[in-house]
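Asks: Here's the letter readout for the chains.
2 protein chains.
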Amino acid sequence: MEKIVSKTNARVKKWAKYKEKKYRDSDRCFLVEGEHLLEEAIRAKLLDCILVEEGHTYDTGAYPCYEVSSMIMRKLSDSVSGTWLIGVCHMPCPMDFVMGEKVILLDDVQDPGNVGTILRSAYSFGFDTVVLSRHCADVYSDKVIRSTQGALFHMQVIRTDLSQIIDQLKEKKIPVIGTALENASAMSTIEVVDRVALLFGNEGNGVSKELLAKCDETMYIEMHAFESLNVAVAAGIAMYKFRR
Amino acid sequence: MEKIVSKTNARVKKWAKYKEKKYRDSDRCFLVEGEHLLEEAIRAKLLDCILVEEGHTYDTGAYPCYEVSSMIMRKLSDSVSGTWLIGVCHMPCPMDFVMGEKVILLDDVQDPGNVGTILRSAYSFGFDTVVLSRHCADVYSDKVIRSTQGALFHMQVIRTDLSQIIDQLKEKKIPVIGTALENASAMSTIEVVDRVALLFGNEGNGVSKELLAKCDETMYIEMHAFESLNVAVAAGIAMYKFRR
Numbered sequence: 001m002e003k004i005v006s007k008t009n010a011r012v013k014k015w016a017k018y019k020e021k022k023y024r025d026s027d028r029c030f031l032v033e034g035e036h037l038l039e040e041a042i043r044a045k046l047l048d049c050i051l052v053e054e055g056h057t058y059d060t061g062a063y064p065c066y067e068v069s070s071m072i073m074r075k076l077s078d079s080v081s082g083t084w085l086i087g088v089c090h091m092p093c094p095m096d097f098v099m100g101e102k103v104i105l106l107d108d109v110q111d112p113g114n115v116g117t118i119l120r121s122a123y124s125f126g127f128d129t130v131v132l133s134r135h136c137a138d139v140y141s142d143k144v145i146r147s148t149q150g151a152l153f154h155m156q157v158i159r160t161d162l163s164q165i166i167d168q169l170k171e172k173k174i175p176v177i178g179t180a181l182e183n184a185s186a187m188s189t190i191e192v193v194d195r196v197a198l199l200f201g202n203e204g205n206g207v208s209k210e211l212l213a214k215c216d217e218t219m220y221i222e223m224h225a226f227e228s229l230n231v232a233v234a235a236g237i238a239m240y241k242f243r244r
Numbered sequence: 001m002e003k004i005v006s007k008t009n010a011r012v013k014k015w016a017k018y019k020e021k022k023y024r025d026s027d028r029c030f031l032v033e034g035e036h037l038l039e040e041a042i043r044a045k046l047l048d049c050i051l052v053e054e055g056h057t058y059d060t061g062a063y064p065c066y067e068v069s070s071m072i073m074r075k076l077s078d079s080v081s082g083t084w085l086i087g088v089c090h091m092p093c094p095m096d097f098v099m100g101e102k103v104i105l106l107d108d109v110q111d112p113g114n115v116g117t118i119l120r121s122a123y124s125f126g127f128d129t130v131v132l133s134r135h136c137a138d139v140y141s142d143k144v145i146r147s148t149q150g151a152l153f154h155m156q157v158i159r160t161d162l163s164q165i166i167d168q169l170k171e172k173k174i175p176v177i178g179t180a181l182e183n184a185s186a187m188s189t190i191e192v193v194d195r196v197a198l199l200f201g202n203e204g205n206g207v208s209k210e211l212l213a214k215c216d217e218t219m220y221i222e223m224h225a226f227e228s229l230n231v232a233v234a235a236g237i238a239m240y241k242f243r244r
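Protein sequences, first through last, are from chains P and C.
Per full-length UniProt numbering, the first sequence starts with residue 1, numbered consecutively.
Per full-length UniProt numbering, the second sequence starts with residue 1, numbered consecutively.
Some clues are possibly wrong.
The list treats identical chains as one, so a pair stands whether inside a single copy or across any two.
As the list claims (entries may be wrong) - No more than 20 Å apart at the CA atoms, straight line, and that leaves these computed lysine to any residue pairs for SDA-like:
| # | residue 1 | residue 2 |
| --- | --- | --- |
| 1 | K7 | E39 |
| 2 | K75 | S188 |
| 3 | K172 | N205 |
| 4 | K7 | A225 |
| 5 | K143 | E227 |
| 6 | K17 | T83 |
| 7 | K143 | S228 |
| 8 | K17 | P112 |
| 9 | K21 | R159 |
| 10 | K209 | D138 |
| 11 | K241 | H224 |
| 12 | K241 | M219 |
| 13 | K241 | E191 |
| 14 | K241 | E222 |
| 15 | K172 | E217 |
| 16 | K3 | C65 |
| 17 | K241 | D48 |
| 18 | K22 | D138 |
| 19 | K3 | D59 |
| 20 | K173 | C65 |
| 21 | K3 | K143 |
Worth flagging that the hints you see were computed from the coordinates, not collected in a lab.
With these hints in hand, go ahead and build the complete structure from the sequences.
Replies: Here it is in structure tokens:
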């Protein structure tokens, strides 16, 4: 196992850049912290190599492994509590994306915590696909990965143009249900179907008008006080209704 | 209107301390930022005085008002985007607490974002009372107040011992439904009732065994994958079912 102690080591500098979206996107790589997420990444066949902090041992199997100093681990780690184990992973290839039949569409959901929580709920309720618009928070940020608790690795997740995806769903005869506060039906009046795509929008502005116009149905979640719900809560309530 | 330009002014030093829970608790005071929350605080009769940044005007009515320098506003403000308006408020008196008939009980929910989101959902779904155990995140922290979007000011909210509160609810014949992953009934099998108290637990450990034992019923939210949900999502799903 190769040891790295210098913070200016070329590999360390490359890995450290994966804290920023632009470098994750250009290399299509990201980091995961801790045993649980690392094992999920292995199962999803996305792991490239393993970094173990000096003084710790981990059965790395056939994966390339580097022992790094505590200082390097601190430099690469994002979580406050710290970790002694990091996995360097590659993003799944967009060519490998397979559209499922229980789909979540996110239109510019910008808070990483919300995106992560929605992914976690989606997996829990048996959804198989999550499609994010270009301005959604990055699913490969440390915060999102941690809040998904690994759910990210169990579903088809892709960032692309939602309008085209809705066209694909229509071809596959999967109904697209948008969420909106106006000109929509109460959720309790909507029939539950197995194959479905649910569309949720930006924290401040909701789903864009253009996308809502393309939906087969629009629904709102009934409330007592005319307030808005946090988007991750609204998504959870709707996903529970349409759960597998 | 009195002008304050010194960061070491005694009042400024006192207000700055309200960023910390221990000082909020000892003085029973807290700060709110921005027009919307300040107006909610006025309506809830909790506002004591108003701080306006130099160069801005605000109709402060009969409330005491101080014009403060931009530097002081930055010092007192917690939000990244900054604000030019702060309200100094007092907490409602525990003696004035009135138990409602649609109650949320939170057992050591520790993440401020989760507590804030639950308060927001509770208000949206017509719950009138939220009771927090001693180790819950502080509802008067800037982060919670912002994520409640003012909902905090529309409900009875108190921090106290949950076990005693459950006893009070039993006396009032309000059924207490706890949430748990084991030894519980599926939520869809639980009858909807008007008067109800829903009990949610800590992010890692759920509701304590002692409190679950005191519940009239326990329920779980049906999932496809055996995963856990974020507590604010779980609470939202349950509150939607029992909404007013």
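Asks: Are the hints correct? Go through all of them and say.
Replies: Hint check results:
{"no.": "1", "hint": "K7 / E39", "result": "neither (26 Å within a copy, 51 Å between copies)"}
{"no.": "2", "hint": "K75 / S188", "result": "neither (49 Å within a copy, 47 Å between copies)"}
{"no.": "3", "hint": "K172 / N205", "result": "neither (29 Å within a copy, 42 Å between copies)"}
{"no.": "4", "hint": "K7 / A225", "result": "neither (54 Å within a copy, 41 Å between copies)"}
{"no.": "5", "hint": "K143 / E227", "result": "between (27 Å within a copy, 19 Å between copies)"}
{"no.": "6", "hint": "K17 / T83", "result": "within (18 Å within a copy, 33 Å between copies)"}
{"no.": "7", "hint": "K143 / S228", "result": "between (24 Å within a copy, 18 Å between copies)"}
{"no.": "8", "hint": "K17 / P112", "result": "within (19 Å within a copy, 30 Å between copies)"}
{"no.": "9", "hint": "K21 / R159", "result": "within (13 Å within a copy, 41 Å between copies)"}
{"no.": "10", "hint": "K209 / D138", "result": "neither (23 Å within a copy, 38 Å between copies)"}
{"no.": "11", "hint": "K241 / H224", "result": "both (19 Å within a copy, 12 Å between copies)"}
{"no.": "12", "hint": "K241 / M219", "result": "both (12 Å within a copy, 17 Å between copies)"}
{"no.": "13", "hint": "K241 / E191", "result": "both (10 Å within a copy, 17 Å between copies)"}
{"no.": "14", "hint": "K241 / E222", "result": "both (13 Å within a copy, 10 Å between copies)"}
{"no.": "15", "hint": "K172 / E217", "result": "within (16 Å within a copy, 43 Å between copies)"}
{"no.": "16", "hint": "K3 / C65", "result": "within (9 Å within a copy, 62 Å between copies)"}
{"no.": "17", "hint": "K241 / D48", "result": "neither (38 Å within a copy, 45 Å between copies)"}
{"no.": "18", "hint": "K22 / D138", "result": "within (10 Å within a copy, 36 Å between copies)"}
{"no.": "19", "hint": "K3 / D59", "result": "within (16 Å within a copy, 65 Å between copies)"}
{"no.": "20", "hint": "K173 / C65", "result": "neither (46 Å within a copy, 61 Å between copies)"}
{"no.": "21", "hint": "K3 / K143", "result": "neither (28 Å within a copy, 42 Å between copies)"}
Violation of the numbered hints given earlier is confined to hints 1, 2, 3, 4, 10, 17, 20 and 21; the remaining hints are satisfied by the structure.
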